[in-house]
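Since each chain comes alone in its own frame, lean on the hints to assemble the complex.
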Amino acid sequence: MSNKNIKVKDYIIKSAADFFTPIGLVLGLYIILHGHLSPGGGFQGGVIVASAVVLIYLGYGFEVSTKTFKPNVLKKSEAIGALMYTFFALLGIFYAANFCRNVFFNVGNPGDLFSSGTIFLMNAAVGYKVLTGVGFLILLMFGLLANKEE
Amino acid sequence: MKKFLTYFSLTVFLIIGCYTALEMAKLAPTFDGQKINVVELYNNPKNYDYNDADGVANLMVKQTIDKTHAINAVTAIVFDFRGYDTLGESFVLFTAISGTVVILRNAMKGRAD
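Residue numbers (this note's numbering), protein chains in the order written: chain A, 1 to 150; chain B, 1 to 113.
One chain only, chain B, in its complex shape (with noise of 0.2 Å):
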């Protein structure tokens, strides 16, 4: 029963991963790179005219404080646009954590807590 339950929801998440991956890939692509002149983006990136840049790294840089009303725009980004990143990276010290009362437990028994 165990085995089933582990097989069914393994086979469920590849088939909803590809379906999601082949719907994504009919999306428009966010950043295609159309608009930018590398050579003359090489050649003197001073003087480049960044106004007509497309993509989600324009929409960072220029909207932020309209998005999301936060002056800092490095927590606005790792709050806002990148929120599971900052979900994950929080769930890697918790597991930590519990891996290192894991494996102190038996050293510090009778102490502590």
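Bound-form chain A, shown alone (with noise of 0.2 Å):
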């Protein structure tokens, strides 16, 4: 299971693993749900909640990290982050106006975390989509490296 190069399961880098993975979790989503008032966004803050899957990789092996994230279902995912993110630029059309236009912006004051409209709503979708993205990009690499030990 393990690979000649990168030494997994390890005791020391399974409970670094543990102290930094909720850290990591809670830290990227906070940058995406803050993206609108904070610096970051959604393509930064879905890349540090992707970390996590290295993390769960580098301290449990390679099977654990499939049953943790399951690939079929981060396959998917992605593609539901576009979807979604083309639906709120349609908004714009539905309330007659073109495409892409932040149609409620003037829902809230400026610097709550619900404000800006379409803004957030766009940053949490391209969040979504980066952070099942590049997890599933993580996961098959490293299912192609532990393939070449067997």
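Please keep in mind that the hints were generated in silico from the structure rather than gathered at the bench.
Be careful, since some hints might not be right.
Unchecked claim - Derived SDA-like pairs: lysine to any residue, alpha-carbon spacing no greater than 25 Å straight-line: (1) A:Lys75 <-> B:Lys67; (2) A:Lys67 <-> A:Asn106; (3) A:Lys70 <-> B:Val101; (4) B:Lys67 <-> A:Met84; (5) A:Lys76 <-> A:Leu145; (6) B:Lys67 <-> A:Tyr11; (7) A:Lys14 <-> A:Leu145.
Shown next, in the form of structure tokens:
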């Protein structure tokens, strides 16, 4: 199971993965949700969340990481994220304006979490898409790495 | 039939593109640079008066919070003013991952999913 070049399931790496996985998940989700208030956004936060896949692979091996993040679900979720972005962009056409128009931007004050209309929703859609996509990509490459060993 | 549909759709795209280009050429320019004194801007950029600048860049810098209610100006530009660009960016990522799946599918057969 364990590759010659990459050491997995080691005791020190396992405790480090236990410590850093929740921090990475919470920080990534914070960056995705606060994309319109603080530096960052969907792309950056999604990549930070996808680093949890790497940590779980290093701590527990390939089989546990495929059990935790199922590749089929991730593959479909990425397409769902892309469709969500397109739907939020199409909302402008439903409200009789042009494509990608921010139609209900004046809900809430500037500075609130639920403000700025479709920017918040598009940010969440892009974050969901990037975290599932990059997570699936990492899982695919680790599967190749684990397959070569046998 | 398939070839006919391909050429028909390409012709429709070409006609719509030419029509849009001709219509857009008639519109007023968004940034013509008439109000900018280039020599003065080059000589002392710190003391230049930016208040009468025209164009989209001026609007993006000064009216971001009024137009989008988003405090982070970069996110406001990326997801609102440049929404098409972000759509293309995310689909580039989607295409890259699809290509990776197609290439690596034979290599990890019977493994993972």
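Results of checking the hints against the structure:
The suggested pairing of A:Lys75 with B:Lys67 is violated, with an alpha-carbon distance near 36 Å, which exceeds 25 Å. Between A:Lys67 and A:Asn106, the direct Cα distance comes to roughly 43 Å. Violation of the 25 Å bound is thereby established for this hinted pair. The hinted pair formed by A:Lys70 and B:Val101 meets the criterion: a straight-line CA distance of about 15 Å does not exceed 25 Å. A hinted pair counts as satisfied when its Cα atoms are at most 25 Å apart, and B:Lys67 with A:Met84 qualifies at roughly 23 Å.
At roughly 23 Å between alpha-carbon atoms, A:Lys76 and A:Leu145 fall within 25 Å of each other, so this suggested pair holds. As the CA atoms of B:Lys67 and A:Tyr11 are separated by approximately 53 Å, the hinted pair breaks the 25 Å bound. For the hint pairing A:Lys14 with A:Leu145, the CA-to-CA distance comes to about 19 Å; that is within 25 Å, so the pair holds.
This entry does not satisfy hints 1, 2, 6, going by the numbered hints stated previously.
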